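Protein chains in written order, with our numbering: chain A, 1 to 205; chain B, 1 to 205; chain C, 1 to 205; chain D, 1 to 205.
Check before you lean on any hint, since a few could be wrong.
Stated by the list, open to error - Partial pick of chain A residues on the chain B-facing surface, computed with a CB cut under 7 Å:
{"hint": "1", "residue": "19"}
{"hint": "2", "residue": "65"}
{"hint": "3", "residue": "159"}
Calculated directly from the structure, the hints in this document are not laboratory data. As the structure is a prediction and not an experimental result, all values here were calculated from the model. Ideal Cβ positions, reconstructed from N, Cα and C, are used throughout, including at glycine.
There are 4 protein chains.
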Amino acid sequence: MSTGRLEAFSDAVIAVAATLLVLNLVVPAPGSQHSLAHDLGHQWPAYAAYAISFLTIGIIWINHHVMIGRLREPDHSIMILNLLLLMTIGVLPFATNLLSTYLTKSHGQQLAAAVYAGAFLLMATAFGTLNWHILMHRSDLLRAKLSREERRRILVTSASGLGPYVIATGLAFVSSYASLAICGALALFYALPVASGLGRGAPVG
Amino acid sequence: MSTGRLEAFSDAVIAVAATLLVLNLVVPAPGSQHSLAHDLGHQWPAYAAYAISFLTIGIIWINHHVMIGRLREPDHSIMILNLLLLMTIGVLPFATNLLSTYLTKSHGQQLAAAVYAGAFLLMATAFGTLNWHILMHRSDLLRAKLSREERRRILVTSASGLGPYVIATGLAFVSSYASLAICGALALFYALPVASGLGRGAPVG
Amino acid sequence: MSTGRLEAFSDAVIAVAATLLVLNLVVPAPGSQHSLAHDLGHQWPAYAAYAISFLTIGIIWINHHVMIGRLREPDHSIMILNLLLLMTIGVLPFATNLLSTYLTKSHGQQLAAAVYAGAFLLMATAFGTLNWHILMHRSDLLRAKLSREERRRILVTSASGLGPYVIATGLAFVSSYASLAICGALALFYALPVASGLGRGAPVG
Amino acid sequence: MSTGRLEAFSDAVIAVAATLLVLNLVVPAPGSQHSLAHDLGHQWPAYAAYAISFLTIGIIWINHHVMIGRLREPDHSIMILNLLLLMTIGVLPFATNLLSTYLTKSHGQQLAAAVYAGAFLLMATAFGTLNWHILMHRSDLLRAKLSREERRRILVTSASGLGPYVIATGLAFVSSYASLAICGALALFYALPVASGLGRGAPVG
Chain A
1 MSTGRLEAFS DAVIAVAATL LVLNLVVPAP GSQHSLAHDL GHQWPAYAAY
51 AISFLTIGII WINHHVMIGR LREPDHSIMI LNLLLLMTIG VLPFATNLLS
101 TYLTKSHGQQ LAAAVYAGAF LLMATAFGTL NWHILMHRSD LLRAKLSREE
151 RRRILVTSAS GLGPYVIATG LAFVSSYASL AICGALALFY ALPVASGLGR
201 GAPVG
Chain B
1 MSTGRLEAFS DAVIAVAATL LVLNLVVPAP GSQHSLAHDL GHQWPAYAAY
51 AISFLTIGII WINHHVMIGR LREPDHSIMI LNLLLLMTIG VLPFATNLLS
101 TYLTKSHGQQ LAAAVYAGAF LLMATAFGTL NWHILMHRSD LLRAKLSREE
151 RRRILVTSAS GLGPYVIATG LAFVSSYASL AICGALALFY ALPVASGLGR
201 GAPVG
Chain C
1 MSTGRLEAFS DAVIAVAATL LVLNLVVPAP GSQHSLAHDL GHQWPAYAAY
51 AISFLTIGII WINHHVMIGR LREPDHSIMI LNLLLLMTIG VLPFATNLLS
101 TYLTKSHGQQ LAAAVYAGAF LLMATAFGTL NWHILMHRSD LLRAKLSREE
151 RRRILVTSAS GLGPYVIATG LAFVSSYASL AICGALALFY ALPVASGLGR
201 GAPVG
Chain D
1 MSTGRLEAFS DAVIAVAATL LVLNLVVPAP GSQHSLAHDL GHQWPAYAAY
51 AISFLTIGII WINHHVMIGR LREPDHSIMI LNLLLLMTIG VLPFATNLLS
101 TYLTKSHGQQ LAAAVYAGAF LLMATAFGTL NWHILMHRSD LLRAKLSREE
151 RRRILVTSAS GLGPYVIATG LAFVSSYASL AICGALALFY ALPVASGLGR
201 GAPVG
């Protein structure tokens, strides 16, 4: 198994997960008593969640290539940990749908926001675990020799996204909007040019 | 990150978005009081929207390769602008569904047509922005050196799709059918052999 | 644009169309008054249509590569005709769903079978048109020089699937089961080893 | 047709099938009389089935590459048997959905578990058949010459997953939970490092 095939399969899963997000944008039923403009406007949480999820999945895709690009070839353990990472990415359309449905509801709002931020936290954890496994346990499979110092530095940068997602998950039980705002801010931060030097090694957003 | 990987991921998102359009073709419920022929015929807006959206997505795919084919390698800013472009393409199955549902309804018809044409306008704008960024800001990343004159000419051709989409979006509030006709005519125009010389540089929208 | 990219995009659309067929297999609602075995058994048209459509799409994929494999590079006209072919493939999950829903209904059964066979006919026509355009109009783009005789022979073999689909479409108005049987027999025929010499040039049906 | 194209198409079908699994995770309707936490918790069979199916599909993907990687080039018979294998993989989102829906229901529970395990059995059978055909009938197409002894050993290892799936399918009629546990244990077993030497030749189950 070459890294090329590993990347091609991962690309496909990540691309399909991102594109399936559109299924969360629901066409209002024609028989509504409100105007279509009202009904569409009412769905703003779905648009916000679509944008944040798509951007976050896109950034994880970029970072995935940086991570796998360091490898000469994968072994069985790397392939399995990568599958687990893809499994957490594959679940994001569900978490996005949950948030879109409940963000403006009086009931379930906070749990939905916690599941949404928690799904990103899970993905970032799976990403960090694979990165840590590659850099610390299978550094013999790396293309270029990296000093222990460099590998540690990459991991610290990579783990920097975990903290904000922990906060966003906990904060959801206080304010679902604040939690969503953190998820959005993280996606934007990693998309910004300023993060590109740093971001190249950062794990999810 | 090579342009090959950027293209492979973009191809996958664009291909899935095009193929998801079929989910907008709804099988009439068997218990209907009308004949199946009547119920299927009644869905003609869905067929028209499917054909126009599929063709437009296909043409943007062709033009995307022309645009990325000029690059030696992408940088962070190009990858993020490309993600934003993919995000606008990913939204097209929703806009197509909205138009299919509301085109023949008395209520919401004009807004649905405006959202449909507006989604193409958004995509064309994202495409043009990325093309402009590559040609004007990151011309150092181009494979072949292009004079400022040549780059400007490509951008003008590329921007030529924006005008008709602006018109289609505005016109939707007067006549949703006229708006749809413009979107269809644009797709056909870029598909015609006559546009292939010109079209190679044109973004579609 | 290389044929490699054309194939990669076509592969993605064809693979997604084949995989979306599973959405036509509906899980019976738990509250049914019948046993699950009865409800699942009652859906046999959906299983038959899934198998026939998946196999037919798979064979068109094989033949697509044979067709594109003859090309040194595509031009604009080939790319647009290929898009039209992909558009007809993309519509198959809808036709499959329509047949699955109506095959055992007393009302709409024949039209549904005609649409199903007609969708294959449309696909075979789009395939034949592209093949004819390549071999007769753009033979300068072929990898290996083929005599007019050889090109004509390929086209005749390639067109041999059209006849049975015309018959299947017409026959649907007499017997939807007979129409479906022809579609199934064609898929099986092209899958058989005996058709592999012949089938390599045949369009699918 | 190169093995590269065969792998690319298979990758796409397998990746889409894995990603479509998320559609089985249903967002609880907002108007429920229970808390969202209760409604989400009630869906635990869907989460278990998602994880088991995703992991199993991922492992079959790994093993698919090992199998195809032995080939110098495919012939028509290999491509058709591969299509049949993909057809069985494509059906897994349906089997997963069926199990998710019925696992905790009093009615249909056992049949749903049998269909779920049976779908894996079908996939493993299709995998084993293709592997057997390649190794025993078309060994002239192998990259490296393997002795009859080595080929037989690979097939025995490869067939080792069939037994547990036969047991899981039969056991479903006694206990659907025990059946599901076997499916889960098999996925975990092949994912474990201990199975990687052995697992490289094992078909998934």
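Practice item. Please name the hints from earlier in the document that this structure breaks, with their numbers sorted from lowest to highest. Key: 3
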